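Residue numbers (the working numbering), protein chains in the order written: chain A, 1 to 216; chain B, 1 to 316.
Derived by calculation from the structure, the hints in this document are not laboratory data. Remember, predicted model here, so these are calculated numbers, not experimental data. Possibly wrong hints are sitting among the right ones.
As the list claims (entries may be wrong) - Only part of the chain A face toward chain B is listed, based on derived beta-carbon distances under 7 Å: (1) W76; (2) Y77; (3) P80; (4) Y114; (5) L124; (6) S127; (7) S213; (8) F214.
Note that CB positions come from ideal geometry on N, CA and C, so glycine has one too.
As a plain string of letters, each chain reads:
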Amino acid sequence: MLQERNLIENGYIRFHSASEKSTLEVANLLGKVFRVPSMPLVQTLTPRVKDNEPSNTYSGNYGTNEFPFHSDLAHWYTPPRYIFLRCVVPGVDVQTKLIDSKNIIKDVEPELFYRSHFLPRKRLDRSLNILKVYDEVLFRWDSIFIQPANKLAKELQYIICEKLSSVQSEAVELCCAGDGLLIDNWRMLHGRSSVSDIAMHRKLERVYFNEVSFER
Amino acid sequence: MNAKRTAHEWSKDALFSKAQRYVEIMLEKEHADWEFGFWSALSLEILVRASISNISPALIADGKDWNNILYAVGHDPNQQKFTPKSADISDLLKRAENLFPDFTREMLNFSIAHINKRNSELHTGALPFDGVGSSSWLPMFYAVCKVLVTSIDESLESLLGKEVAEEAESHIVALKDESAKSVKGTINAHKTIWDEKSEEEKSKLSKKADLLSTRHDGHRVNCPACKSIALVQGRSVGTPKTTVDPDGIIEKQTMLPASFECTACGLKISGYSKLVACGLGNTYVSTNHYDAVEYFEIDLEEEMRNMMYEDNNEPY
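If we strip away everything but chain A, and leave its shape as in the complex, we get (with noise of 0.2 Å):
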């Protein structure tokens, strides 16, 4: 059982699970698994190689190289509260990033957050929202999946990013099979360092919950 003030604290967990259970089974001590709609219950994350990936996926557009900053399913209008990521196979010197939201939200006015538009590339269930990157409630971010579509949500944009690559992050490595990473969605942004030739074996495997259970 995890410790939600360590959650609270950092908005990631970072801990160990014994590798010969599978991730389900460790996932399933933490809370109810969410399943998003065309994925597997337990996805598998591997590097690929851009070219031969489709565009609706960030191996499709990056690559093995450093995924940016992001929160998951970012153009959906409520994403999963929490993303759990767990060692399969350890790559070398592949790090997952971490940056808090708050280090990007304070010292911009709130103005911008509240009055700005953002929309998904693509709609979703034949469906279109305005999502707004920060309502207090949630923290959004995707570089990608979600576009600006008013003047204030540009200038928005162009802050995150100047604040993004200024940031500091913190680096978490996932470096033996068992290793987990429950990172709060609603806060946090995660990005992959490069993959280098010699790590195109690592895999992490990742599930997604709306509610966790944590030790009382």
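Please arrange chain B on chain A, whose structure you already have, making use of the hints.
Then chain B, alone, in the frame of chain A:
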């Protein structure tokens, strides 16, 4: 909060974001442009929908077809070629008057007229927004917006931006002052005419006014022009408080003043803000007495029949 791919198109958040979008376009126009007024009317309609949806999206569904209500609460009706329909804005504005205590009759009348201009713009060759000075409608527009955004825990700042919100507040203050000035002028005019009457005539008119101004018809007050007894009428706000006494049921309902009429000097004042401006804006309590049978709508004959012919599995 569970993950959701999309928001309901009738949700408060979706509607408020749309209102922000329309207001943004409105504010790009010069006040003298017809489009400034046009986009303000579109913004107003969406804002009304957002405010009512905040209580429940079911309240903005067109109730003539229950499938619209079903859709509003998040279920897909099992009907071929179903197209969800929301209620007419005229119905929604009347609901707003009932739902939001600060949404006054004046605001209702203004909103109806303003949105009718939008209809005229879209459906006819008329030019309802051309040549209309914004000072004649903009202060009231901002006052209505303020009431509506407050009802959904938003602010004028989140709707209009900081600068325009400050400008809007000063328009709202000026609006209240204008009402005060105009009603005082009306009162003074009636007082002047009253003062010119003979004492005999004044006495006769005041006595008649006292007889006509019954508690049954409204709230008795002193007329600010001639001091005779006159009536304020209001609309109910909040839920009534009910108590029981030996004589029956007593229901007390808080009333917000909406209009005033004096039958002695003929002074009439309509609108809560004007009544506040001349000291007649205090809420009052309307008390009604009912007997229990009337209140609970008991059908005595039906009750008697039920007692005589009780359900019985064993007919005899």
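Verification of the hints:
Because the beta carbon of W76 of chain A sits about 5 Å from the nearest beta carbon in chain B, less than 7 Å, this interface hint is met. At its closest, the beta carbon of Y77 of chain A sits 4 Å from a beta carbon of chain B; the interface hint therefore holds under the 7 Å criterion. A distance limit of 7 Å between C-beta atoms decides the matter here; for P80 of chain A the minimum to chain B is near 4 Å, and the interface restraint holds. Checking Y114 of chain A against chain B: minimum C-beta separation of about 5 Å stays under 7 Å; hint holds.
With its C-beta approaching chain B no nearer than about 5 Å, L124 of chain A sits inside the 7 Å limit, and its interface hint holds. With a cut of 7 Å, the hint placing S127 of chain A at the interface with chain B holds, because the nearest CB-to-CB distance is about 4 Å. The criterion of a C-beta within 7 Å of any C-beta in chain B is not met by S213 of chain A, whose closest approach is roughly 16 Å, and the hint is violated. Residue-level restraint check for F214 of chain A is violated (minimum Cβ-Cβ distance to chain B is 17 Å; threshold 7 Å).
Hints 7, 8 from the earlier list are contradicted by this structure; the remaining hints agree with it.
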